[in-house]
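A.B. asks: The residues making up each chain are set out below.
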Amino acid sequence: MASTSRSLVSLFKSISTRLLYGLVSILFIAFVTFIIDEVAPGDAALLELGDKATPQTLAIMRAEMGLDRPWPVRFGEFVIKATQLDFGMSYAGVREPVRDKITRALPTTMQVAFLAICLAAIIGLTLGTISAIRQNKFADRAALSLSTLGVTIPNFVLAPILVYVFAVQLNYLPTSWAPPDRRTAPDIFYLLLPVLVMAARPAATLTRLTRASMIDILQQEFIRLAVAKGVPPFRLIFLHGLRNAILPVVTAIGTSFGFLLTGSFVVETVFVMPGLGSLAIDAVRQRDTPVILATTLVAGVVFVLVNLAVDLILPILDPRIRESQV
Amino acid sequence: MNKWWLCLLVVPALFVVGCQRGNFSEQAQSGAANVFRYPMNVKPTSLDPHTVQDGDTIDLLQNVFEGLVGWDENNEVVGLLAEKWEVSPDGKVYTFTLKDAKFHNGKTVTAEDVKWSLERAASPALKSTTTGAYLSDIQGMTEMLAGKAPNLTGVKVIDPKTVEITLTEPLPTFIGKFTYLTSAVMPKDSVGPSEITKPEQMIGTGPFKVAQYLPDQLVVLEANKDYHRGAPKLAKIERPIILDSQTRLNKFQAGEVDLISLPRQDAAALAKDEKFKNQLKSFDRAALWYIGMNQMQYAPFKDRRVRQAFAMAIDRERIVRDQLGGLVPIANSIVPKGIKGGGRQGKVHPYNPEKARQLLAEAGFANGQGMPPLNMTFREWPDAPAITEAIASQIKQNLNVEVKIQRTELGAYLQAYNEGKQVFYHMRWGADFLDPQNFLSHMLTTKGPENKFGYSNPTYDELCARADRLLKWEERLPLYAQAEDIVLQDAPWVPLYYQVDYELHHPGLTGLRKSLFGHLPHLNTEIKR
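One line per chain: the protein sequences are A and B, in this order. To get the numbering used here, take the position in the first sequence, counting from 1, and add 249. To get the numbering used here, take the position in the second sequence, counting from 1, and add 96.
Careful, some of the hints might be misleading.
For each label pair, taking beta carbons as the anchor points, the in silico distance ranges come out as [what the hints assert, rightly or not]:
{"no.": "1", "chain 1": "B", "residue 1": "G118", "chain 2": "A", "residue 2": "I570", "range": "42 to 52 Å"}
{"no.": "2", "chain 1": "A", "residue 1": "T332", "chain 2": "B", "residue 2": "D255", "range": "53 to 63 Å"}
{"no.": "3", "chain 1": "B", "residue 1": "G118", "chain 2": "A", "residue 2": "L398", "range": "17 to 27 Å"}
{"no.": "4", "chain 1": "A", "residue 1": "T433", "chain 2": "B", "residue 2": "E370", "range": "22 to 32 Å"}
{"no.": "5", "chain 1": "B", "residue 1": "K543", "chain 2": "A", "residue 2": "V281", "range": "35 to 45 Å"}
{"no.": "6", "chain 1": "A", "residue 1": "V281", "chain 2": "B", "residue 2": "G550", "range": "38 to 48 Å"}
{"no.": "7", "chain 1": "A", "residue 1": "T332", "chain 2": "B", "residue 2": "V253", "range": "46 to 56 Å"}
{"no.": "8", "chain 1": "A", "residue 1": "Q333", "chain 2": "B", "residue 2": "Q297", "range": "19 to 29 Å"}
Result set (BS3-like, lysine-lysine): computed pairs, CA atoms no more than 30 Å apart in a straight line [to be verified]:
{"no.": "9", "chain 1": "B", "residue 1": "K377", "chain 2": "A", "residue 2": "K301"}
{"no.": "10", "chain 1": "B", "residue 1": "K368", "chain 2": "A", "residue 2": "K301"}
{"no.": "11", "chain 1": "A", "residue 1": "K301", "chain 2": "B", "residue 2": "K223"}
{"no.": "12", "chain 1": "B", "residue 1": "K568", "chain 2": "B", "residue 2": "K252"}
Derived by calculation from the structure, the hints in this document are not laboratory data. Even glycine gets a Cβ: it sits at the ideal position worked out from N, Cα and C.
Given these sequences and hints, build the entire structure.
C.D. replies: Below, the structure is given as structure tokens:
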């Protein structure tokens, strides 16, 4: 009883500490981003006015955006408002609260990224395990070649090729994503290609990682003992092998998911998905500082939370970690 | 036995199955009759006609909102909400008679609405950049924009159907500037002085109303059957927002959209494609691409002979032929063709490397010796890098002057340009309104607001100043022509080409109207499938 409450308290403490460190680093990243944006030549007003910028129109537009205030004021105001989840008004385009832009973009990216990481995990764990069991045989070679392709083909090559083959030429699939209420076919038609493209690289890296980890585990003494004891193959692979090999893979899944959420720009451009990636890149292009900072914060929070989740799952999987935490 | 080779049978099986074409786009909405689908290349920058300033968003909003006047296909100013207008003999007072027209909410348009709309556009709280740029000729506008006056003294309501606008000076360019959407008429008190952000607030008089607005994704317009010039032929216009040009092309080829704009290189490729070359259309734009020489940043450019040498060392015909595939018209004047007095055969310097070298030697830089290092920059645009490199190599080859290309990010480029820090640059000027004044006086007179390169010629200034104030085209154009020849000879700019834009049109698309600025509101557009 006492040990349970002690471990709960220490768990709570470790989570809070991690969140606090996470918050401080996110704040630091936001500050650096802000300074870089500040120092770089040009600003949102100049880019919106373009060739037609004159000193008068620039002054008016900057006043409208609030860019005429000194930078400590602007950054301070952003941070204070951010604590209340108010990220201010966007500079570029139709003036709307940045929060609205984020709440529109996030689910779009989240859905595709989540499906992609699930697919990547399934492929990675399956192919990696098969490779490890049939090490150096045909299945292993095939899986390794596929994973090399997955790592080396850039997504800005893969996406247009898939669209051209399956949508334009063969006409099996739509040429782009569409918002849910504009779809004329089941959702899977619209999600298949974006999810495939996003899953390609993580699937490849997870395959290799699973393979390496499994090979390492399968060579250990306790496996030989289990074989000698006559444990059936399936139980051997899953209960004894994979359950131990999965630890580094879980961490990699977490990191990959973080990268998918924030690195989805190419997929979003080709498939016309207005998600977080294109929101962030467009904001950089247009020097839309509130949106740049808000997406940086969101990305930072995502990484912190995902890492936290991974760190909470690992002890469940591996009692040795659980013990060492108490 | 390991039957791994069975896996290989999958590959030929895929080929057999795979080569059959599916029918996704037929099943999907392949386009209802009279619904015109064409993408927006950018996200709408504003939903408010009083603040919008980029061509793509204007193409959207001009179907919903109108002012008193607008452009027609002959690039002339015609009445939209104005039935007619009269100008006083001194050229300062314009009296507009309004048509019988209704707003989208059924209310009749009156002179009160016109005055209210202009005052809203001028309100300091709105902070519009276009009102000052286009409507500052109206008496009282400058004061109201500065917050020094509560209303516009220059706009008077004579009766419910008559508005009188008084200018500060009798400038002939006013009526062209008055076509800009910043003069759009909205119902009195329908919106506050802060920018419109919701489609419900968009109440205009145009041929279409906003039916649906999904931010970042889609705008749908539906026909306004009570439009004062007759109901449009289309039932709906759908504008999905597609930022990537390759994706737009894919969708056009898949039949999912009916019109797309193309970068010039894609147009060049498609001009040879049997299937698409008949659907390719070209559109002249009122924009000039030129090379600028800033004498305030590079001392040798102060000498007219150096500038002329540079002008003669650039083989413009070759650039248009090689870098631009012959798809754009070469510019032999400053004012683009399509604008009155534009596109003429001006006194440009012909390509003459011999004479160029001679002039450079006369200026004291024989064989390029003694010229300080020269950097060349360009405004980001698909063809700009290739053109800039070609010019740099021509200068090197013909004059033996080293020109280093400096690639700058757009924000940095614009900032340097605004501060007058560009030295030798490839740039564009697009007309604000269709009048030679906007090119010749606005850009090149000594006090011209856009003259950031130190060019000054009193004779030129005097000719432009006279032409700016006369009221009749037949009096103004000869003066502008004279001035243009002077500036072409002085060569602060070397004109290269006039911009041409390309589009792909669905074969069943008819009735599309266009002006030099782009599409005109879709009154007669029809799509037959």
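A.B. asks: Give a verdict on every hint.
C.D. replies: Going down the list of hints, with the structure as the test:
1. B:G118 with A:I570: 42 to 52 Å: Given about 50 Å between the Cβ atoms, the range holds.
2. A:T332 with B:D255: 53 to 63 Å: 57 Å, holds
3. B:G118 with A:L398: 17 to 27 Å: 25 Å, holds
4. A:T433 with B:E370: 22 to 32 Å: 31 Å, holds
5. B:K543 with A:V281: 35 to 45 Å: Given about 44 Å between the Cβ atoms, the range holds.
6. A:V281 with B:G550: 38 to 48 Å: 40 Å, holds
7. A:T332 with B:V253: 46 to 56 Å: Taking Cβ atoms as reference, T332 (chain A) and V253 (chain B) lie about 50 Å apart, which means the hint holds.
8. A:Q333 with B:Q297: 19 to 29 Å: 27 Å, holds
9. B:K377 with A:K301: 28 Å, holds
10. B:K368 with A:K301: 36 Å, violated
11. A:K301 with B:K223: Given pair K301 (chain A), K223 (chain B) holds - Cα atoms ~16 Å apart, limit 30 Å.
12. B:K568 with B:K252: 26 Å, holds
Of the numbered hints stated above, the single one contradicted by the structure is hint 10.
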